[in-house]
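Chains as they are written, first to last, in my numbering: chain W, 76 to 334; chain Z, 12 to 350.
For the record, the hints were derived by calculation from the structure and aren't laboratory data. Quick reminder that beta carbons are idealized off the backbone N, C-alpha and C, glycines included. No false leads were slipped in.
Reference listing, derived: stretches of chain Z covered by chain W, where coverage requires no fewer than 3 residues with Cβ under 8 angstroms from a Cβ of chain W:
1. 229-239
2. 243-252
3. 287-295
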Amino acid sequence: MSSLAFVDLSVRYGRRDAIAGFTDTVRPGEWLCLIGPNGAGKSSILRATAGLVPHGGRIEVDGSPLSLRSSRRRAELVAYVPQSPNLPDDMTGAEYVLLGRNPYIGYFGVESQHDLAMVASVLDRLDLADFARRPLGTMSGGERQRLVIARAIAQEAPILLLDEPTSALDIGHQQQALELVDRLRREHGLTVVSAMHDLTLAGLYADRLALLHQGHVVATGPAASVLRPETLSEFYGVSVSVHHEDDGTVVVVPRRTSA
Amino acid sequence: MLADPLARTATTARSVAARPGRWWLPASLVLLAVALFLGVMVGPAGNWGSADWNIIWNVRLPRVVLAGIVGATLSLSGASYQGVFRNPLVDPYLLGVAAGAGLGATIVFAVGRASTTTWLIDPLPLAAFIGGLLAVLLTYLVGASFGANRNGVTLVLAGVAVTSLATAIQAFVLQRNTEVIREVYSWILGRLTLANWGDVRLVLPYVVVSSAVLLLHRRHLDVLRVGDDEAISLGTQVTRVRLVVVIAATMGTAAVVSVSGLIGFVGIVVPHAVRLLAGASYRRLLPLSLVVGAAFLILADIPGRVLQDPAETPIGVVTAFFGAPFFILVLRTRGRSLG
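Chain W on its own, in the form it takes in the complex (with noise of 0.2 angstroms):
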């Protein structure tokens, strides 16, 4: 287990900060989830971990600085699920899920046998097995996303990614894929950050949220502490209702304004 921590980081698009001043330690074993309207700068956190932006301030895993690794070794302990993965048509799954294992393999080399092993015993874990030979193209939006899922775990690192991991899927394949993430984490002892706009769903997964707002911090706590009604009224100017199950839940529910 990794623990990942930010300390300043600011990351700028042209004159525009899309973060600053971002600093959190995520402990090892973690889920983390980055809440916020939309430009909050979720994304830009997660895409400057991920090594895809220039940043400011230091990212570090486990105490040593990200910024001082090859892009192999990065990869070896980040991966990166981003908002809509390219998934060509004619790969297949299991060429695609392959994919995972190119920061194990040399500039000039070829995948070897514990490479192909780990691939298979990932497609079987993820109840994915079926999928191996077909393409991508045909598969389904929650098929392609648990795909997308098996290759970050086929990468083996510690430190997981995913941008808003549920956009594109109906609430039964939202929860099927949120299931599968948390199931993964317990089991391989992953550190989880992730960006998501659903806030009943982020609070139901996540061990802690942070809100966005104009690239920095507003609030950061268990579910409980941060969707509180003038909270996201204030930063999201939405009207909504918050409702504590006996189970401990928080579920946000949007209240119509006009009568």
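For this one, chain W is given, so just place chain Z on it according to the hints.
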């Protein structure tokens, strides 16, 4: 009887590694052998007298071998450009590589070809390479500058613009140096019909290096299929891979253009035909494009010899005749193939 869920066989490493279409490579090698045979046998000289043998060894065989090298290189480069730009529409010609190479060669002729013949390294292929490389980099920069939502057509349009620019500069240079026009045009039209073993020796080093580098990057091209961001997050140094592949593909293209002249559409027809038959994975696509491209151009060279015998139909005419309709077909079905 209900199946026992526990009896489901586990996925094995063997089944993950199993790729469809392993028999395509032997099949394509057979095609190449047939093409070589026909290429050597078809033509005015066909009796096995010693005079005919002389013709076959010194005239027809170098021509067939050179056609094979040119076809292999153009197809392999085309497939590599398509992979590295994630764009099924590009080929060495549409990207402006050929026009840039032509401009580079024209400048060498204008400066004075005669004074360079004593140089240790022939500057002609080198100038063609530099011209081609500048052209493809310019095309990429212009095409990429039109927004993040880069679609395939933008890059092709940029290639058209760069081609026009290079052709215009070439025309200007030729206007100022009218005495080299004949040399330049015979270079542009190519000399496949007059090929000798010297031409084969001239291009072979460039082509071998270019092909080896491209084939060694075929796994990286498969990683690039998921896009730059995901490839980076998977640990691939996208910029470096792209630069190395573009340089290698351009070097091969410039070298073969310097002996074969303008032969369009090979780099787009062959890789697409291979994709349709054997799938789009670059691990299969690159070696298959190499072999099928060689066979294709050897075969495309045959009608030119026979149709208007004894006059020759230029091979570029034959490939364009098949290639242009095919390109339109690709345009129509674009968008699903390389997404």
